[in-house]
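Asks: Here is what each chain is made of, one letter per residue.
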Amino acid sequence: MLAAAAAVSAGVGAVPIEFEEVIAVLARRLGLETALSPSFQATAVLLEIRIPRILMGMVVGAGLGVAGAALQGLLRNPLADPQLLGIGPGASVGAVLALVALGDGTAGSVAGGVVGAMATVAVLRRLANDPTPGPTRLILSGVALGAVLSAWVGFLVFSIGRNAVPPIEFWLLGSLTGATWRTLATTAVICGGALVALVTASRSLDLLALGENQAQHLGVDVELIRSVVLYATAVAVGSTVGAAGVIGFIGLLVPHLTRRLLGPQHRTLLIGSALLGALFITVADIAARTLASPVEVPVGLLTAAFGGPFFLWLTRRVGRAI
Amino acid sequence: MTELLRAEAVKVVIGKAVLVDHISITQREGSITAVIGPNGAGKSTLMSVLAAERRPSSGTVEYLGFDASTLSLLERARHRSVLTQTRPFDVPFTTWEVVMMARHPHRRDPNNSPASDEEAVIAALKACDVFEFRHRVFASLSGGEQARVSIARVLAQETPLVLLDEPAGGLDIGHGMVLLRQLRNLAGHGAGVIAVFHDLNAAAAVADWLVLLDRGREMAGGSPHEVLRADLLSEVYQEPLRVIDHPFHDRPLVLPVT
Chain C
0 MLAAAAAVSA GVGAVPIEFE EVIAVLARRL GLETALSPSF QATAVLLEIR
50 IPRILMGMVV GAGLGVAGAA LQGLLRNPLA DPQLLGIGPG ASVGAVLALV
100 ALGDGTAGSV AGGVVGAMAT VAVLRRLAND PTPGPTRLIL SGVALGAVLS
150 AWVGFLVFSI GRNAVPPIEF WLLGSLTGAT WRTLATTAVI CGGALVALVT
200 ASRSLDLLAL GENQAQHLGV DVELIRSVVL YATAVAVGST VGAAGVIGFI
250 GLLVPHLTRR LLGPQHRTLL IGSALLGALF ITVADIAART LASPVEVPVG
300 LLTAAFGGPF FLWLTRRVGR AI
Chain H
0 MTELLRAEAV KVVIGKAVLV DHISITQREG SITAVIGPNG AGKSTLMSVL
50 AAERRPSSGT VEYLGFDAST LSLLERARHR SVLTQTRPFD VPFTTWEVVM
100 MARHPHRRDP NNSPASDEEA VIAALKACDV FEFRHRVFAS LSGGEQARVS
150 IARVLAQETP LVLLDEPAGG LDIGHGMVLL RQLRNLAGHG AGVIAVFHDL
200 NAAAAVADWL VLLDRGREMA GGSPHEVLRA DLLSEVYQEP LRVIDHPFHD
250 RPLVLPVT
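Protein chains in written order, with numbering that gives the first Met the number 0: chain C, 0 to 321; chain H, 0 to 257.
It should be emphasised that the hints constitute simulated quantities derived from the structure, not laboratory data. Any given hint could turn out to be false.
To be verified - Taking CB as the label site, the calculated pair distances span: (1) C:309 x H:143: 31 to 39 Å; (2) H:112 x C:266: 17 to 25 Å; (3) H:125 x C:266: 53 to 61 Å; (4) C:220 x H:245: 41 to 49 Å; (5) C:266 x H:180: 34 to 42 Å; (6) H:143 x C:153: 31 to 39 Å.
Using N, Cα and C, we set each Cβ at its ideal position, and we do this for glycine too.
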């Protein structure tokens with residue numbers, strides 16, 4: 000399904016390309032002979048713009064999906080998602096600062112996003128560990144911190160970001176425009192490393208469902224798992240926010256959908272959330288490029304606009320199937 | 000007899016409140032200790048110290064002669080299982096998956112195999128009369144059924160020392176008796192069991208040794224006949240209580256006067 004969505008995605012956009020031509024470009028790239036000779040324009044659009052963009056969407060979707068699933072498991076709260084906990088807004092502050100300071104070039108904003116998200120987690124841990132650490136305190140502290148950080152983002156955009164190129168407002172709504180092979184590689188390596196770390200924590204996340212005490216009694220180092228999951232999530236979310244801005248609702252929606260399809264075991268849940276998140280963004284990005292073509296709708300608007308009702312529909316069915 | 004647990008002069012102080020005051024308990028193989036006392040007596044706090052979950056303000060807890068706080072989390076988990084008072088649980092794991100989690104401490108054990116994990120889980124599910132629920136989602140079971148699954152989880156962990164905080168909570172009289180027989184059976188196979196009971200008669204029926212707590216202090220320790228005395232219980236529970244001989248076996252029976 001993911002491959003099919005990617006193939007469709009490669010064809011659509013401001014410059015439509017026939018499916019045969021897409022295949023021809025890819026085949027020639029791999030050194031194969033093709034009957035159809037693709038135009039120079041199609042080759043350039045595909046290889047330099049569309050394919051890195053599609054792959055970037057997949058990385059971002061996978062990162063957000065896994066981050067949401069891991070946070071929901073760690074905090075045993077179905078509402079937990081990186082945006083709610085302030086990790087997303089923290090990444091935005093870092094990324095916007097990097098954009099303003101370093102100008103265009105997403106590698107800088109990726110680094111800024113990661114630093115911002117990790118700093119947020121560090122503050123969050125301090126706030127939530129006193130006097131008694133626990134999921135509820137962490138969530139409440141995260142919501143408060145997120146509100147403050149969102150205000151900072153607004154302030155930054157309002158005061159210094161107005162004349163920035165590309166416009167920061169557009170980036171804030173979530174957009175895959177501007178993905179290049181270089182930023183894709185940076186994001187994929189950083190985000191992929193974080194996802195691997197989260198998958199290794201999956202068994203401990205399963206045991207955490209029993210409650211932190213009981214998990215600890217069974218030999219899980221709860222404090223260590225909390226650090227690993229929070230910081231790995233920060234890295235994953237920070238890099239995606241730096242690369243593509245704020246793409247809402249995937250961290251919440253995708254894990255719920257995956258749990259319904261594959262069950263609650265975190266190993267399958269995390270891997271499934273990565274695939275489903277990638278698929279979700281790929282489809283949303285097709286819509287973003289075609290709905291108002293040749294003008295592009297920010298993909299973050301679409302994920303929230305369509306994800307919200309879908310999520311409602313999903314929660315209404317929970318009573319029966321779970 | 001091996002000393003599975005030795006707690007020496009354990010004290011827990013939080014702020015100015017003394018929750019547990021100078022309690023010593025030795026638990027040997029093949030016997031059952033019941034911890035009793037009114038609400039807020041410090042029973043659960045004491046259990047969390049015995050489980051090495053909470054470090055005492057002073058005093059020591061040893062497992063098999065080793066300071067429990069120096070053992071790794073997995074070493075502790077292979078030595079003692081712990082049932083805490085139940086909490087809401089809303090992740091849709093099945094009963095089977097929940098009980099299988101108890102096998103986590105044994106995963107790196109070279110003598111352990113997936114087959115022995117399954118065997119332990121099946122035996123535990125059957126012993127607690129919940130085998131038929133194995134494919135059901137744990138959260139969809141009734142409170143009493145969940146309590147039985149939680150006990151099955153403790154059994155599946157297969158540890159020499161078993162610590163239970165109110166295992167009888169939420170059980171009907173039939174399954175309450177099943178629980179007491181299971182505890183006897185565990186002790187019969189060499190385990191040491193320390194359990195908190197609110198039902199004094201359940202404690203009297205099953206325990207070899209009783210510890211009566213009140214406001215963190217040990218008011219009495221000994222056999223059921225030694226600890227379950229009408230004057231002592233009436234004072235501790237602030238309610239007139241009588242103690243008679245149980246008509247069917249050689250254990251005391253506590254009854255309210257009114």
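Asks: None of the hints should be skipped; say for each whether it holds.
Replies: Against the structure, the hints come out as follows:
1. Distance hint for residue 309 (chain C) and residue 143 (chain H): a CB-CB separation of about 37 Å, consistent with the stated range 31 to 39 Å.
2. The given range of 17 to 25 Å is respected by residue 112 (chain H) and residue 266 (chain C), whose C-beta atoms sit roughly 20 Å from each other.
3. At roughly 28 Å, the beta-carbon separation of residue 125 (chain H) and residue 266 (chain C) lies outside the given 53 to 61 Å, and the hint is violated.
4. About 46 Å separates the C-beta atoms of residue 220 (chain C) and residue 245 (chain H), a value consistent with the hinted range of 41 to 49 Å.
5. Taking 34 to 42 Å as the suggested C-beta distance range, the pair residue 266 (chain C) and residue 180 (chain H) conforms, at roughly 38 Å.
6. The hint said 31 to 39 Å for the Cβ distance between residue 143 (chain H) and residue 153 (chain C), and at roughly 52 Å that hint is violated.
The structure is inconsistent with the numbered hints 3 and 6, although it conforms to all the rest.
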